[in-house]
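Participant: Chains as they are written, first to last, in this note's numbering: chain A, 107 to 317; chain B, 107 to 317.
Don't read these hints as lab results, they were simulated from the structure.
Treat the hints with care, since some could be wrong.
Copies of the same chain look alike in the list, so a pair counts if it works inside one copy or between any two.
Straight-line Cα separation of at most 27 angstroms, DSSO-like style, residue types lysine-lysine; simulated pairs [said to hold, decoys possible]: (1) 317 to 306; (2) 317 to 304; (3) 227 to 304; (4) 304 to 196; (5) 196 to 227.
Listed here are the chains, written in short residue letters.
Protein chains: 2
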Amino acid sequence: MKKNIINHLQALALMLVAATATTGCNKSDNETTENNGQAMIDCIMTRTSIRAYTDQPIGADSIEVLLRAGMAAPTAVNAQPWHFIAITDKAKLEELAAGSFQPQMLQQAALAIVVCGDLTKTLEGVGQQFWIQDCSAATENILLAAHALGLGAVWTAAYPIEERIASVSEALHLPSTLIPLCTIVIGHPAEQPEPKDKWKPENVSYNEYGK
Amino acid sequence: MKKNIINHLQALALMLVAATATTGCNKSDNETTENNGQAMIDCIMTRTSIRAYTDQPIGADSIEVLLRAGMAAPTAVNAQPWHFIAITDKAKLEELAAGSFQPQMLQQAALAIVVCGDLTKTLEGVGQQFWIQDCSAATENILLAAHALGLGAVWTAAYPIEERIASVSEALHLPSTLIPLCTIVIGHPAEQPEPKDKWKPENVSYNEYGK
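Here chain A stands alone, though its shape is the one from the complex:
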């Protein structure tokens, strides 16, 4: 009997070691960071455009997470030349849909975030155009954060297509200093498409072009 108990004790101890080694309990900071890192890589690799949504709404907390993720993007000389318009009002989403090339997505969506460049905050001279890169980085952050929250999203471009810029600007009453880069359409996913595998080794050179 005593031997049995000791055997159980040893088995439990081994399970405990296994549990702590493989699941992160009592992990060192480095191990925690590594696991979080893998979760991040997985999130990047599994994000894909979602264009069909259920009618479930998206809460204010989630909207703030998305907006914070957008504003966490890097910007040239830290100018942060952007403004974000979060749209949950169904009538306003319909108004955006009316001017959209894919209206049914905006009609279904619980949320749209229009990412705008703010020309009052851009750099001078040729650097003014960095707002496009800055706002694109913010958009990618929002898409990834949406995926992280279990939401589905798709980037629909406005800039540099004049008629789309005009249509979005009119619907949202944008001043002329705000240029809509894109409308991110967001909702709870009603489809689960496979992420595209876009890895192409021929799109890489090493140390100089063609090598």
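Dock chain B against chain A, hints included.
Facilitator: Chain B only, in chain A's frame:
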């Protein structure tokens, strides 16, 4: 003695329960997804530009993870109008540094990835310019993946600054159809700056501008 063993056994069993309950062992898929999602949000919020690096090299496996993350970005009409040049050769990094506005970073770096728009793969007409947004999204993915791998990185712009484009193009022998958007400078961090808090509620409107 026997009672002692049973007490130890109970204590171990409780520790085992605690370990599996709090760390994700035997978690449901939903819980795993939620935790991974939070890890992703944390990664987005804690990424910041790293400009000083140790002399530790970066392995080929990590370089491929970064490049795969870049190519996982969304692109307009799935054109994937890009080419990536990964530079680890010290002489080539020195050559890039010579034309850079912040040469010391490239001299220290283990790796640079130059993200280029490929004008042979862009859309027609005004849509050609989408390569800037597509390559910016790829750049942000690479920055986040670098952070996820415990590396430090910083986005240094080339496009649309003519002299920087010319300098990078010459060093990497780029054909005229490849336009370098930026050089991502990457290494093992030798500094740990606090991430900037860029959250500004005044940068958000709800449903239309100014509301």
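Participant: If a hint holds in the structure, say so; if it does not, say that too.
Facilitator: Against the structure, the hints:
| no. | hint | verdict |
| --- | --- | --- |
| 1 | 317 to 306 | within (15 angstroms within a copy, 45 angstroms between copies) |
| 2 | 317 to 304 | within (20 angstroms within a copy, 40 angstroms between copies) |
| 3 | 227 to 304 | between (35 angstroms within a copy, 14 angstroms between copies) |
| 4 | 304 to 196 | neither (35 angstroms within a copy, 29 angstroms between copies) |
| 5 | 196 to 227 | neither (31 angstroms within a copy, 37 angstroms between copies) |
Hint check: violations occur at hints 4, 5; the rest are consistent with the structure.
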